[in-house]
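Residue numbers (the working numbering): 379 to 489.
Some clues are possibly wrong.
[What the hints assert, rightly or not] Think about it this way: if two alpha-carbon atoms lie no more than 20 Å apart in a straight line, the pair counts; the simulated DMTMM-like pairs of lysine to aspartate or glutamate are:
(1) 460 with 485
(2) 475 with 443
(3) 407 with 417
(4) 460 with 428
(5) 475 with 452
(6) 460 with 443
(7) 475 with 485
Keep in mind the hints are simulated off the structure, nothing from the lab.
In this text, all values refer to a predicted model and were calculated from it rather than measured experimentally.
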Amino acid sequence: MEPRRKGDTTLTSRPSILEGDLTLVRSWKDVHGFENEEDEGRFWATHQLDARLMQMSIHRNDVRESTTITLRFDPRMLSRIKRIARRRYLNYQSMIKQWLSERMEQEMKEG
379 MEPRRKGDTT LTSRPSILEG DLTLVRSWKD VHGFENEEDE GRFWATHQLD
429 ARLMQMSIHR NDVRESTTIT LRFDPRMLSR IKRIARRRYL NYQSMIKQWL
479 SERMEQEMKE G
């Protein structure tokens with residue numbers, strides 16, 4: 379493709395990224411709510427996201443959000459825990475985590 383010449387109007391009137399005439403969005407605060415799709419289209423026709431902002435928006439799973447542990451329970455105790463969890467429509471492991479969290483809060487308050 380040949381480079382554009384001054385006064386050449388044969389290409390689209392939409393600003394080109396290569397021309398550098400798009401406003402760079404460096405913060406999500408710069409992107410305001412839109413009344414409709416047309417307003418949003420007009421905004422993005424004149425704005426471009428900064429590559430660093432896009433990189434920061436990617437969720438990376440390189441850091442584990444939880445740690446797996448092994449607990450050994452007496453079979454009867456585990457059965458009772460599972461029964462209680464079923465009555466509450468909960469997964470028994472989630473219920474155990476909830477109990478531990480509540481007890482930790484109580485211990486922290488008591489000091």
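A quick look at each hint next to the structure:
no.	hint	result
1	460 with 485	violated, 25 Å
2	475 with 443	holds, 14 Å
3	407 with 417	holds, 17 Å
4	460 with 428	violated, 50 Å
5	475 with 452	holds, 18 Å
6	460 with 443	violated, 25 Å
7	475 with 485	holds, 15 Å
Of the hints listed earlier, those the structure fails to meet are numbers 1, 4, 6, in rising order.
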